[in-house]
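This is what each chain is made of:
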Amino acid sequence: MSDRASDPLSVTGLGLVTPLGPNAEATWSRLVKGERAIRPVTLFDAAGQRASFAAEVRDVDLPAGPRDVTAAWSRTSAMAMSAAGEAMRMAGLTAGLRSTRRIGLVVGGTTGGMFETERLLARLHAEPGCREVLADMLSHPLTATGDRLDERLGPFCRVRTLSSACSSGANALIVAAGWLLSGEVDAVVAGGSDGLCRLTLTGFNAIAAIDPEPCRPFDRKRRGTTLGEGAGFLVLERESSARARGATPVAELAGWALGSESHHITNPDPDGAVVAALIGRALDRSGLTPADVDYVNAHGTGTIANDRMEAVALARALGGEIGRVPVSSSKGQIGHTLGAAGAIEAAITALVVARRTIVPTGGLDEPDPALELLHVPHVGREVPRVRAALSNAFGFGGMDTVLVFAEPSRERRGGLRPSSAAPRGLNVAEEQTAAGAAVVVTGAAVFGPCGRLGADECADLPERRFDAGAVVDADGFLDAARARRLDRAACLGAVAVEHALNDSKAPRDGVGVVLGSSFGSVDGCAAFMHRIFQKGPRSASPAEFPNLVPSAAVGHVSIYGGLNGPAFGTADLATSGESAVVQAWQLVSGGEAVRVVGGSAEPRGDIAERVLSGLFDGIDAPVRSVAARADVAAAVLLEAEEAARARGGRILARVEQVLEWRADRALSLAALRAPRAARRSEVVQARVTPSGEQLVAETAWRGCPRVACAPALGESDALGAVAVAVAAGRIATGRIDEALVLGVAQGRGYAIVLAAV
Amino acid sequence: MNVGELRSQIKGLLVTELNLKGRDPATIEDDAPLFGAGLGLDSLDALQLAMTIEEKLGVRIPEGDEARAIFKSVRAIADHVAKVRSA
Chain A
547 MSDRASDPLS
557 VTGLGLVTPL
567 GPNAEATWSR
577 LVKGERAIRP
587 VTLFDAAGQR
597 ASFAAEVRDV
607 DLPAGPRDVT
617 AAWSRTSAMA
627 MSAAGEAMRM
637 AGLTAGLRST
647 RRIGLVVGGT
657 TGGMFETERL
667 LARLHAEPGC
677 REVLADMLSH
687 PLTATGDRLD
697 ERLGPFCRVR
707 TLSSACSSGA
717 NALIVAAGWL
727 LSGEVDAVVA
737 GGSDGLCRLT
747 LTGFNAIAAI
757 DPEPCRPFDR
767 KRRGTTLGEG
777 AGFLVLERES
787 SARARGATPV
797 AELAGWALGS
807 ESHHITNPDP
817 DGAVVAALIG
827 RALDRSGLTP
837 ADVDYVNAHG
847 TGTIANDRME
857 AVALARALGG
867 EIGRVPVSSS
877 KGQIGHTLGA
887 AGAIEAAITA
897 LVVARRTIVP
907 TGGLDEPDPA
917 LELLHVPHVG
927 REVPRVRAAL
937 SNAFGFGGMD
947 TVLVFAEPSR
957 ERRGGLRPSS
967 AAPRGLNVAE
977 EQTAAGAAVV
987 VTGAAVFGPC
997 GRLGADECAD
1007 LPERRFDAGA
1017 VVDADGFLDA
1027 ARARRLDRAA
1037 CLGAVAVEHA
1047 LNDSKAPRDG
1057 VGVVLGSSFG
1067 SVDGCAAFMH
1077 RIFQKGPRSA
1087 SPAEFPNLVP
1097 SAAVGHVSIY
1107 GGLNGPAFGT
1117 ADLATSGESA
1127 VVQAWQLVSG
1137 GEAVRVVGGS
1147 AEPRGDIAER
1157 VLSGLFDGID
1167 APVRSVAARA
1177 DVAAAVLLEA
1187 EEAARARGGR
1197 ILARVEQVLE
1207 WRADRALSLA
1217 ALRAPRAARR
1227 SEVVQARVTP
1237 SGEQLVAETA
1247 WRGCPRVACA
1257 PALGESDALG
1267 AVAVAVAAGR
1277 IATGRIDEAL
1287 VLGVAQGRGY
1297 AIVLAAV
Chain B
-19 MNVGELRSQI
-9 KGLLVTELNL
1 KGRDPATIED
11 DAPLFGAGLG
21 LDSLDALQLA
31 MTIEEKLGVR
41 IPEGDEARAI
51 FKSVRAIADH
61 VAKVRSA
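So the protein sequences, as listed, match chains A and B.
Just so we're aligned: the first sequence equals residues 547 to 1303 in the numbering used here.
Just so we're aligned: the second sequence equals residues -19 to 67 in the numbering used here.
Be aware that one or more of the hints could be misleading.
To spell it out: a stretch of chain B is covered by chain A in this simulated footprint if at least three of its residues, at any positions, have a beta carbon under 8 Å from a beta carbon of chain A; those stretches are [claimed, not checked]:
id: 1; region: 6 to 17
id: 2; region: 53 to 65
Distance ranges between label pairs, derived from CB positions [as the list claims (entries may be wrong)]:
id: 3; chain 1: B; residue 1: G16; chain 2: A; residue 2: R791; range: 53 to 61 Å
id: 4; chain 1: B; residue 1: A56; chain 2: A; residue 2: P915; range: 29 to 37 Å
id: 5; chain 1: A; residue 1: E928; chain 2: B; residue 2: G44; range: 52 to 60 Å
Cut-off 25 Å, straight-line C-alpha distance, at most; resulting in silico cross-link-like pairs (SDA-like, lysine to any residue) [unchecked claim]:
id: 6; chain 1: A; residue 1: K1081; chain 2: B; residue 2: N(-18)
id: 7; chain 1: B; residue 1: K1; chain 2: A; residue 2: S1085
id: 8; chain 1: B; residue 1: K52; chain 2: B; residue 2: R40
id: 9; chain 1: B; residue 1: K52; chain 2: A; residue 2: R1028
id: 10; chain 1: B; residue 1: K36; chain 2: A; residue 2: P701
id: 11; chain 1: B; residue 1: K1; chain 2: B; residue 2: L21
If you're looking for bench data, these hints aren't it; they were derived computationally from the structure.
Computed from a predicted model, the values in this text were never measured in an experiment.
The C-beta atom is built at its ideal place from N, Cα and C for all residues, glycine as well.
Sequences and hints are given; from them, build the entire structure.
Written out as structure tokens, the structure is:
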């Protein structure tokens, strides 16, 4: 095997902001002592809430950002700044080093700037349509945290913002691992951050998931979780590279696995089969067995359903070892930090390994006899060794992630293995791909004012013209009973993803899905909060709340389609569609899954329409200011070429090159391959913009015809995914031989080269 | 409003609030189980239904085992609402 097998991924730095302390050391010492930071909420008025305990980050001087509102840091961003800065200092990623090394950033989260946006929504509630407030409404997209970190702690060579609800922080580490294994980056700062806000407290109360008392995971009297807030970031790099520059590995990220339950938007699948399979896969990947595991940091939310399912899954996965391995949940001390939890708890787990000390479960007075786990109640304890430890994170929509941390430099059998690419024990075909595998497009679909189009039909989309304002009705394309919980974005996404998958005739088992969205459900959040302002917290809609999580659409789509592979959402402003397709490609080429659908679904939204039309007037984006916004979704199925050929699938195009960049665009574009001589080559884009044109002019593609999607469909942040589908369609139908799909927006860019096979 | 009208109103709320697209409220039987094999509703629907009944009919549904009995069928919900209102 390659040097990858013998060159593990090391954690060389970690940083935390938690309700127990402003840094990793303070958090750790109080965690071990069993201190709990759960108190009545003070950040906002929690009157009328069913339960109003939370674990807040208090008495901490969070770094302050600029005063200018549009560049100001949300609470989420400020906590991220502190934790990521701490992790980078510990790892020794100095400014000098940052200028010579390729360092990436991955940020997971769910709430973003919701706490700050709620103030605006309260004002909008009082003064509907207030222009001043509307102008600030989109100041805190989910991407903002990554952008602020890039400005202050960067430059980073690439930045990914992702969300998979409460597994976001853990999935950030998996994306980081993929980047390191591809060899395209030297180090990655990855983690998650989530600030507490009214919306989450009210929403989790509405679904009766909050314990009226401070939460008590695994306790027989447990009645729910307690929300927390915080940030956790880790620095990951190859051990050889870390040691070469004198950095000391804290622990090793030895294995991981992610997949979807495809079961229910809020409730875990009680049989725990997917989680058990993921634990098995994560251990396989690390070359370890249950006999090597000395600790489990459980997701352990304290809800009746989660803790029961998790205990069942652990028993299934660890078999006879279950009685030997201590299991604890940090949530009884720091609360459930949602999108940050997977990263905060990963950092805690890495410290457990490094310091040979097991952290406890706070609030566990009477262990539930139905859960056969070896508990660590109240206080932590030192142990002789922690050879390997698991960290679990499960999100709404059944997006589950398991990480394995191990002692650095240990003697291992086998080392890092390529992923088996599908949850074990899930009746998945015996398909495997190696990292670096060739990837092809085998399905493509666009849904919008043009109706529902397959790969061949979207080939001439750019030459046609549709009414952007047309009502796009998903009803006729979806099974009404199965689709009843899907909001607008999820409906649009499901139509596109289903069509791309059906078009490809690929089997569904193990299929992953990544959907990009720039702002998420702004209108949904506004309506949800409006009701709360109007009628009080008890009127919050339990059915609507799960749809407000940024990854709701992808969760619904995976459930609707029975897709049990990796699933999460990405966000990157107007290039959200491109970011999702690029991320899907990385999962397939990295061997994380054989088939992943990449796409985007963006319904027209009242607030976005009003804000963007105001914002983009007079700014260097003439096309955006005049184009009406449309309901648009698009999806492409990316598949390992070997698997596509083995099943005799129709290959629309091969993905020949994928680049993404931030500040170092010149470096990235220098690597861009030139169009081949005597081939019909095109540059396919979401929209033609001056900045895009400037970029194309720097490349050998400057003489190629331009094709744009916005004039055909109207404006949408999903158009990047449309561009990929259109390029694949044009190649598949023989109109062209190759295409450069280029997406650029505000200092970020993506390039995807597709070519005929 | 008599109990029959109340049952019709609850059936209407079931369809609109739980988005049972294409379902004619009149076809929901008074005694059909709402959860599992019956209408196919689940715990998230129960929470939405409790919120809706409190808001639209002014009757709070208790949590826990009591709720389970009340949510047995449309008839059981209507009986509970009528009972609370007449108390």
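For each hint, the structure was consulted:
Evaluation of the coverage hint for the region 6 to 17 of chain B: breached, as 0 residues show C-beta separations to chain A shorter than 8 Å, against a requirement of three. Restraint check on the region 53 to 65 of chain B versus chain A: 0 residues with Cβ-Cβ distances below 8 Å, three needed, restraint violated. The hinted window of 53 to 61 Å between B:G16 and A:R791 holds, with their beta carbons roughly 59 Å apart. Between B:A56 and A:P915 the C-beta distance comes to about 33 Å, which sits within the given range of 29 to 37 Å.
Between A:E928 and B:G44 the CB atoms are about 42 Å apart, so this pair departs from the stated range of 52 to 60 Å. Taken as a hint, the A:K1081 and B:N(-18) pair is broken in the structure, with Cα atoms around 28 Å apart against an allowance of 25 Å. With a C-alpha separation of about 23 Å, the suggested pair B:K1 and A:S1085 falls inside the 25 Å cut-off, and the hint holds. Annotation: proposed proximity of B:K52 to B:R40 holds, straight-line Cα distance about 16 Å (limit 25 Å).
Simply put, B:K52 and A:R1028 have alpha-carbon atoms about 22 Å apart, close enough for the 25 Å limit, and the pair holds. Distance hint between B:K36 and A:P701 is unfulfilled; the C-alpha atoms sit about 54 Å from each other, more than 25 Å. For the hint linking B:K1 to B:L21, the alpha-carbon distance of about 13 Å falls within 25 Å, and the restraint holds.
When the structure is compared with the earlier hints, violations turn up for hints 1, 2, 5, 6, 10 and for no others.
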